[in-house]
Amino acid sequence: MQTDSRPRTLYRKLVDSHAVAVLDEQNVLLFCDLHLLNEYTSPQAFAGLEEQGRGVPMPGQNVAVVSHIIPTHPVRLRIIADAPSALQASNLKRNCDRHGIALFDTNDPLQGIEHVVAPEHGMIRPGMVVICGDSHTTTYGALGALGFGIGTSEVEHVLATQTLVYRLARDMRVRVDGVLPAGTTAKDLILMIIGRIGAHGARGFVVEFCGSAIDALSVEARFTLCNMAVEAGARGALVAPDARAIDYVLARAPDMAGPIRDAALEHWATLRSDREASFDVEHVFDGREVAPHVTWGTSPDQVLPITGSVPHADRQRDDAARRSAAQALHYARLMPGAPIAGTPVQHVFIGSCTNGRIEDLRAAADVVRGRHVAPGVRAMVVPGSGAVKAQAEREGLSQLFLDAGFEWRQPGCSMCLAMNDDVLADGVRCASTTNRNFEGRQGRGAITHLMSPAMAAAAAVTGVITDVRELETNRG
Amino acid sequence: MDDTHRIEGRAAAIRIDNLDTDQIMPKQFLRGIDKMGLAAGLLHDLRFDAAGRPRPGFVLNQPGGAPVRILLGGANFGCGSSREHAVWGLQQYGIEAVIAPGFGEIFYSNAMNNRLLLVMLPQDDIDRLMADADEPVSANIRIDVDRMTVRSASVDAAFTLTPRHRRMLLEGMDVIGLSLTYQAQIDAFAAAHWARHPWLKDVPALTRRRLDDPKRPV
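In order, the protein sequences belong to chains H and U. Its first residue numbered 1, the first sequence is counted upward by one per residue in the numbering used here. Its first residue numbered 1, the second sequence is counted upward by one per residue in the numbering used here.
Just so you know, these hints were derived from the structure itself, not from any lab. These numbers were taken from a predicted model, which means no experiment stands behind them. Yeah, the Cβ is synthetic: ideal placement off N, Cα and C, and Gly gets one too. There's no promise every hint is true.
[To be verified] Okay, derived cross-link-like pairs now, DSS-like style, lysine-lysine, Cα gap no bigger than 27 Å in a straight line:
no. : chain 1 : residue 1 : chain 2 : residue 2
1   : H       : K93       : U       : K215
2   : H       : K93       : U       : K201
3   : U       : K201      : H       : K13
4   : U       : K215      : U       : K201
5   : U       : K35       : H       : K93
[To be verified] Ranges of calculated distance between the beta carbons of each label pair, as one might list FRET restraints:
no. : chain 1 : residue 1 : chain 2 : residue 2 : range
6   : H       : D16       : U       : R166      : 22 to 32 Å
7   : H       : D262      : U       : L211      : 23 to 33 Å
8   : H       : P181      : U       : L211      : 47 to 57 Å
9   : U       : D156      : H       : D215      : 27 to 37 Å
10  : U       : Q123      : H       : G370      : 46 to 56 Å
11  : H       : D318      : U       : T162      : 38 to 48 Å
12  : U       : D187      : H       : H330      : 54 to 64 Å
13  : H       : V22       : U       : R6        : 31 to 41 Å
14  : U       : R151      : H       : V75       : 51 to 61 Å
15  : H       : L77       : U       : T162      : 42 to 52 Å
16  : H       : P181      : U       : G57       : 41 to 51 Å
Start from the sequences and build out the full structure, keeping to the hints where you can.
So, in structure tokens, the structure goes:
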């Protein structure tokens, strides 16, 4: 709503350009360009609309994906055996049909994880506000879109009004210069950042990432980065859209041609923080310091470089940190002082909205090529979407994984949150490319170590948490 | 005074930082299409062992006394997943307020939308409230939402809420209904927005149509 020429951050520009009304000092009525829905956080929202006799006035701005409850067994016709989950899927279809909302249903060949499906078909565009009943909606900052997660009450609000009562966040800038060393990825970078600033270090903020290390990241790597900003508590993450981001979108959005494309390019060039814009908090990291990172505990900020050792609870900075560390060490069954490398794993999971895209699968394949899953390890690859799966199959990656002893599964959220039947047993230790190592997340008593796809692949072939830099990778 | 203005009852301390919504309401309780039955899932793995037996050491399982109405939590309570089921489950269990040094952002909004009071207080106050809650004789806490104060045997603290959140808690606003009074402005905004940025209109609908076209190049 601001019309004067005070310098603004990219975040404020996105809010201002979507503010239908200023409600009070803290809140605006924010227009939502794209609303993503899934089967488990939307049912009560649709039911609420019906109770109130309300409709969906702008269904064309909404899209739904069956992603969380869907089984990933490698069968062509996917049948949801669990009755309540099947009802969630059929209920989503019923709601989408009733309101005229686009749907990626259970057996759609393009079905997948909502945050993989939406951008890969050109639905996410710079300058958008994207909202979803899922916390990892921060992913879309990678394309210069303001994305964030909401609860079901707010899903109902967006359905009914195509807007949200939005509480303004504060501005944080995270600058990372320097080239990330070989063997490290955006996953290692964001794990390192979360470790340094803490699981609520960005709470209340929208984080803009910048610097030469960020510029050098691919768009898919930026998805990983922005996806996990929420694990530091961020209410959003942004990377100003550059040529790389714009090329990514234009390659996937054939409707953007001619004068529309030209007008969009002109607008997208303005999507950056003004030089004089001020941030409430700034952090600076050196990209050259990034090592492969692995979580040891039950919060994403309980993380170590792969060369590190399991911490001692009694050496933490305060009572709360000592208590958290002691509880996490007990849950994770780790010995303080022991090197994290060499810890045996029984399961490896490669997938999720964090690391289930084609570049992630290629990175894992480069490690797996010429090797085999270690004895006693069950390893699975769950592509982020049908399109990712098809691409990997065309590139021969699926066969490579299968030949190496991996399971090659159908797409979905799967073992990231274990809402379907991909659930780990008590005490099973998993090298996982997902985003949360919470207690019980992958199954009651299961132990999650978050890491990059290459690191997870290294754990799969060695059977222990391994520094991928010590394995030669074999590029195809 | 109306009982939305005052919350009083037994408090229980859960000394866990970053108590995420996965722990507050685990995945197996998220498979409904309504909001029913979530009290059973609340803090499930903390309350029950793998065989489903109550874990006697957990604070909510301790016998005697009145039902717990107020939880005292650690830093970043309710972080993680956006699942509103966590808030519904707390309320269905009988929790009327959570007091912690800070809350996950989405959880906070979800709580306000359901009129679950969240009170942020400094760690020192929380520590003393927890110590009071540990003793049955001093486990009662009184929260006055109108005056925004928390009182226990050894704590008399003030907290803040934004005027909007305070109204939501006290009056139970129909947020969607109020936003719908802006319908004309929303329509005008959208028309101008799409005139300026036509590439943002109906993107999912048009994308779905394009992907469904049998002549689409793969």
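Verification of the hints:
no.	hint	verdict
1	H:K93 - U:K215	25 Å, holds
2	H:K93 - U:K201	23 Å, holds
3	U:K201 - H:K13	19 Å, holds
4	U:K215 - U:K201	23 Å, holds
5	U:K35 - H:K93	19 Å, holds
6	H:D16 - U:R166: 22 to 32 Å	27 Å, holds
7	H:D262 - U:L211: 23 to 33 Å	25 Å, holds
8	H:P181 - U:L211: 47 to 57 Å	39 Å, violated
9	U:D156 - H:D215: 27 to 37 Å	53 Å, violated
10	U:Q123 - H:G370: 46 to 56 Å	53 Å, holds
11	H:D318 - U:T162: 38 to 48 Å	29 Å, violated
12	U:D187 - H:H330: 54 to 64 Å	56 Å, holds
13	H:V22 - U:R6: 31 to 41 Å	33 Å, holds
14	U:R151 - H:V75: 51 to 61 Å	60 Å, holds
15	H:L77 - U:T162: 42 to 52 Å	51 Å, holds
16	H:P181 - U:G57: 41 to 51 Å	46 Å, holds
Hint check: violations occur at hints 8, 9, 11; the rest are consistent with the structure.
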